[in-house]
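Those protein sequence lines, which keep their order, are chains A and B. Read in order, the letters of the first sequence correspond to residues 3 to 303 in our numbering. Read in order, the letters of the second sequence correspond to residues 162 to 452 in our numbering.
One should not assume that every hint holds.
Below 25 Å or equal to it, Euclidean Cα-Cα: the simulated SDA-like pairs (lysine to any residue) are [unchecked claim]: (1) B/K315 x B/T366; (2) B/K315 x B/M375; (3) B/K191 x A/F120; (4) B/K315 x A/S264; (5) B/K191 x A/V109.
Read the hints as simulated data drawn from the structure, not as lab findings. Since we're looking at a predicted model, the values are computed, not measured.
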Amino acid sequence: MAIAAFAGNATAVDATPRRRSWVALFLLLPGLLYLVLFFIVPLVSLIITSLESQGLDGSFAYGFVVSNYTDSVSTFATQIWRSFGFALIATVIALLFSYPLAYFIGVTARRWPLLQSFMLILVIAPFFISFLLRTLAWKTILSDNGPVVTALQGLSLMGPQGHITGEPIAVVFGLTYNFIPFMCLPLYTTLERLDLRYLEASSDLYASGWATFRKVTIPLSLPGIVSGTLLTFIPAAGDYVNASQDFLGGTSSTMIGNVIQSNFLVQQNYPAAAALSIVLMFVILVIVSVYVRRSGTEDLL
Amino acid sequence: MSAQEGLALGRAYASEPGDPRRRQRFTLGKWLLPLYCVLAFVFLLIPIVYTIAFSFNTQTGKSNISWSGFTLANWTGVCDQQDVCAAFGTSLLIGAIATVAATVLGTMIAIALVRYRFPFRSAVSLLIFLPMATPEVVMGAGLAAQFLSAGIPKGIGTIIIAHTLFCLSFVVVTVKARAASLDPALEEAGRDLYGSPFAVFSRITLPLLLPGIMAAALLSFSLSFDDFIITYFNSGTVQTFPTYIYISAQRGIPAQANVIASAVFVIAIAIVVISQLVTQSRRRRLTSARP
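Take the sequences, apply the hints, and build the full model.
And the structure:
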């Protein structure tokens with residue numbers, strides 16, 4: 003499936019490029035210029051904004067106010083921790099949910115290519131319906147009068163005053179659901195290439211099914227696990243739709259994305275929003291580089 | 162022991178086919194995994210079915226939450242809600258322009274990365290990877306801060322700039338994967354036969370890359386069409402389909418929004434299914450043509 007290509011496909015080993023010419027420059031220049039102009043420069047202007055000082059009249063001026071960082075981090079420490087906590091939980095659940103699914107599509111269903119592509123289409127189907135509408139659909143389904151709460155209360159698994167929406171559990175649920183395809187596709191692309199003879203060899207050597215899975219299948223699918231977890235964790239940590247109060251969140255589930263959004267677009271406190279953005283970006287880059295290095299899949303990038 | 166050695170040893174000490182342990186595991190996995198997958202697919206499809214079903218709901222109030230009877234009125238009168246239709250049109254326009262821009266720029270970079278040698282190669286790769294590792298909210302805030310300090314008013318133009326930016330890296334990755342799988346000898350053959358660089362590109366490279374480019378364009382369009390977070394930071398007063406839904410979420414989404422989302426869903430799935438069938442039939446033809 004072509005769409006799986008964006009999942010950090012590790013097969014694309016460069017055929018050693020031999021030629022060196024001005025053509026490369028011509029091909030690279032417009033795109034790279036675009037990236038510098040609209041990605042690097044904005045990051046720099048975000049850093050500049052994050053250090054601006056606020057005058058008495060409320061306007062912002064160039065400055066070097068490091069306290070923008072310390073103030074906003076200490077004020078919103080809860081939201082920062084919560085964002086990474088939610089993202090981590092959602093990533094783990096999405097991995098546990100997706101692995102068997104990806105294994106079935108990529109390994110078990112190999113003999114039936116039509117079924118395989120049918121199931122892949124089902125996995126990516128959520129991509130094609132509006133992200134906001136499907137989150138709102140969950141909001142209605144999980145709402146206090148919705149089928150899930152009614153059923154749980156009927157089974158006495160939940161008190162009559164219990165909620166799902168507005169609670170952290172709903173936000174984590176929404177994050178998990180929305181990023182499952184991002185987890186599933188890279189897992190599928192590595193599992194699809196898994197050489198089954200290694201599994202046979204393992205069981206021929208009297209390894210139990212569990213030992214084979216743990217020592218052969220998982221290590222061989224590690225590139226997929228790494229890119230899947232990154233593709234889930236990064237957008238989940240910065241998301242502010244699921245945690246928005248009009249969607250699945252409530253007052254006790256605000257994430258860092260919500261804080262950045264409201265500081266930037268509502269309160270127009272640009273330095274605070276910029277400082278928090280830089281913190282979020284920095285933490286994610288540190289996590290990504292440490293994670294990728296420790297799992298030994300640098301060539302993935 | 163390396164996996165290769167393990168493989169060789171495994172063949173040498175192949176166990177009896179009637180190993181009871183193996184048979185038991187086989188039957189258990191045989192039923193459990195498919196059952197799990199069916200349930201997982203049902204779970205994944207719930208909100209989709211819900212959204213499509215409520216596009217047929219008779220709308221009573223402003224919101225479209227409780228079921229009050231089947232109707233086709235929302236489908237026949239999609240543009241009765243002018244805001245929805247206008248937002249949809251804006252999204253299509255932005256998606257089209259951003260897709261073309263990102264696909265052209267990204268394809269050029271991908272070809273350069275695969276076919277040419279140049280200095281600062283790893284820096285270039287990093288520059289392409291970074292936007293994909295950046296949370297959308299950071300990218301959106303960064304662009305908005307830049308537009309703010311440069312005094313550029315937010316509008317359709319700024320949304321297109323933002324969408325082209327986040328689609329670009331995905332285009333590079335998608336087309337690069339395709340370009341890397343091409344045999345450079347084909348282009349060399351073209352040059353050996355005195356094809357001009359332009360002829361080699363337009364008659365050999367481009368047709369071979371086309372499936373990858375098409376996939377990248379499709380991906381770009383769906384990313385652009387569904388983007389909310391970056392758009393919201395850079396849209397100003399312009400409403401795209403997602404920002405319309407976000408703003409209307411408080412007072413209730415009209416059923417017409419469900420109609421548009423459902424129609425887009427059906428068209429997208431149709432495109433994917435058709436392209437999949439074409440690829441498979443082509444593959445079958447190619448394999449059967451081989452001696």
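These are the hints, each one checked on the structure:
1. For the hint linking B/K315 to B/T366, the alpha-carbon distance of about 39 Å lies beyond 25 Å, and the restraint is violated.
2. Restraint check: the Cα-Cα separation between B/K315 and B/M375 comes to about 30 Å, which exceeds 25 Å; the hinted pair is violated.
3. With a C-alpha separation of about 19 Å, the suggested pairing of B/K191 with A/F120 holds against the 25 Å cut-off.
4. Straight-line distance between C-alpha atoms of B/K315 and A/S264 comes to about 17 Å, which keeps the hinted pair within the 25 Å bound.
5. The straight-line distance between the Cα atoms of B/K191 and A/V109 is roughly 12 Å, inside the 25 Å bound, and the hint therefore holds.
Violated hints for the displayed structure, listed by number in ascending order: 1 and 2.
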